[in-house]
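Just so you know, the protein sequences line up as chains D and W, in that order.
Residue 1 is where the first sequence starts when you use this note's numbering, and the numbers rise one by one after that.
Residue 1 is where the second sequence starts when you use this note's numbering, and the numbers rise one by one after that.
Treat the hints as calculated values from the structure; they're not laboratory data.
No experiment lies behind these values; they were computed from the predicted model shown.
Here a beta-carbon is modelled for each residue, glycine too, at the ideal position from N, C-alpha and C.
Hints may be right or wrong, so weigh each one.
[As the list claims (entries may be wrong)] Mimicking DSS-like on lysine-lysine, the simulated pairs with C-alpha atoms at most 27 Å apart in a straight line are: (1) W/Lys41 <-> D/Lys3; (2) D/Lys23 <-> W/Lys11; (3) D/Lys65 <-> W/Lys41; (4) D/Lys41 <-> W/Lys23; (5) D/Lys23 <-> W/Lys3; (6) D/Lys3 <-> W/Lys11; (7) W/Lys65 <-> D/Lys41; (8) D/Lys54 <-> W/Lys23; (9) W/Lys41 <-> W/Lys23; (10) D/Lys65 <-> W/Lys23.
[Stated by the list, open to error] The following label-pair restraints were derived from C-beta to C-beta distances: (11) W/Lys65 <-> D/Glu61: 34 to 42 Å; (12) W/Gln18 <-> D/Glu84: 21 to 29 Å; (13) W/Pro17 <-> D/Val82: 19 to 27 Å; (14) D/Asp30 <-> W/Glu36: 36 to 44 Å; (15) D/Gly13 <-> W/Glu84: 15 to 23 Å; (16) D/Leu15 <-> W/Pro12: 29 to 37 Å; (17) D/Asp51 <-> W/Ile72: 34 to 42 Å; (18) D/Arg56 <-> W/Glu84: 31 to 39 Å; (19) W/Ala21 <-> D/Leu29: 31 to 39 Å; (20) W/Pro32 <-> D/His27: 42 to 50 Å; (21) D/Leu29 <-> W/Glu50: 16 to 24 Å; (22) D/Glu50 <-> W/Val28: 22 to 30 Å.
2 protein chains.
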Amino acid sequence: MFKANIYVTLKPGVLDPQGEAVKNSLHVLDYPYVDEVRIGKYIQVWLQGEDREKARRELEEMSDKLLANPVIEDYRVEIAEVDEP
Amino acid sequence: MFKANIYVTLKPGVLDPQGEAVKNSLHVLDYPYVDEVRIGKYIQVWLQGEDREKARRELEEMSDKLLANPVIEDYRVEIAEVDEP
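Bound conformation, chain D alone (with noise of 0.2 Å):
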């Protein structure tokens, strides 16, 4: 069994409005020097297998199929082997 952890970023470049009303209530809270925020997503995935490539080839298809939008966004792909729960 793996756990998948998969970080879904904006492209650089890409607007990102949460981040920066993130940002600006920072300030307000009184946290001046933060310069920027840029909010992504963590998503864990836990699933069934022995083979550790083919369960990254997949984890890659699920994140452009499904969990990233591979036009605006970039993932990266982490797998850690662990004990059934």
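Start from chain D and add chain W according to the hints.
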């Protein structure tokens, strides 16, 4: 200058309807061996400063006050020193 990565996740036991929906979609897309999906936030913050301990303390404050909801979410803060952009 520091760059922080903040990982915000739902606490164990808190229902994740978005993760559940993604899991069901992955089953429909023919990945039946996906057991569980949990969706959190990956927040990147760039901030001015030279005192790493102060930065960590304040990032934890920011997380408690604004970035996470401590009632239902956990968070983890990672800090790296970076060059000026």
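The hints, checked one at a time:
1. Between W/Lys41 and D/Lys3 the alpha-carbon distance is near 17 Å, which keeps this suggested pair within the 27 Å criterion.
2. With a C-alpha separation of about 25 Å, the suggested pairing of D/Lys23 with W/Lys11 holds against the 27 Å cut-off.
3. As the CA atoms of D/Lys65 and W/Lys41 are separated by approximately 20 Å, the hinted pair is consistent with the 27 Å bound.
4. Distance hint between D/Lys41 and W/Lys23 is fulfilled; the C-alpha atoms sit about 15 Å from each other, no more than 27 Å.
5. A distance of roughly 14 Å separates the Cα atoms of D/Lys23 and W/Lys3; the hinted pair therefore holds under the 27 Å criterion.
6. For a cut-off of 27 Å, the pair hint linking D/Lys3 to W/Lys11 stands: about 17 Å separates their Cα positions.
7. For the suggested pair W/Lys65 and D/Lys41, the alpha carbons sit about 20 Å apart, so the restraint of at most 27 Å is met.
8. For a cut-off of 27 Å, the pair hint linking D/Lys54 to W/Lys23 stands: about 18 Å separates their Cα positions.
9. Annotation: proposed proximity of W/Lys41 to W/Lys23 holds, straight-line Cα distance about 17 Å (limit 27 Å).
10. The straight-line distance between the Cα atoms of D/Lys65 and W/Lys23 is roughly 13 Å, inside the 27 Å bound, and the hint therefore holds.
11. Against the hinted window of 34 to 42 Å, the Cβ-Cβ separation of W/Lys65 and D/Glu61 comes to about 39 Å, which satisfies the hint.
12. Here the CB-CB span from W/Gln18 to D/Glu84 is close to 25 Å, well matched to the stated 21 to 29 Å.
13. Taking 19 to 27 Å as the suggested C-beta distance range, the pair W/Pro17 and D/Val82 conforms, at roughly 24 Å.
14. Between D/Asp30 and W/Glu36 the C-beta distance comes to about 39 Å, which sits within the given range of 36 to 44 Å.
15. At about 19 Å, the beta-carbon gap between D/Gly13 and W/Glu84 stays in the expected band of 15 to 23 Å.
16. D/Leu15 and W/Pro12 have their C-beta atoms about 34 Å apart, which keeps the hinted 29 to 37 Å range intact.
17. Taken as a hint, the range 34 to 42 Å holds for the pair D/Asp51 and W/Ile72, whose Cβ atoms sit roughly 35 Å apart.
18. For the pair D/Arg56 and W/Glu84, the beta carbons lie near 35 Å from each other, so the given range of 31 to 39 Å is met.
19. For the pair W/Ala21 and D/Leu29, the beta carbons lie near 33 Å from each other, so the given range of 31 to 39 Å is met.
20. One distance hint, 42 to 50 Å for the beta-carbon pair W/Pro32 and D/His27, holds here, with the actual separation near 47 Å.
21. One distance hint, 16 to 24 Å for the beta-carbon pair D/Leu29 and W/Glu50, holds here, with the actual separation near 21 Å.
22. At roughly 24 Å, the beta carbons of D/Glu50 and W/Val28 sit within the given window of 22 to 30 Å.
Of the hints listed earlier, there is not a single one the structure fails to meet.
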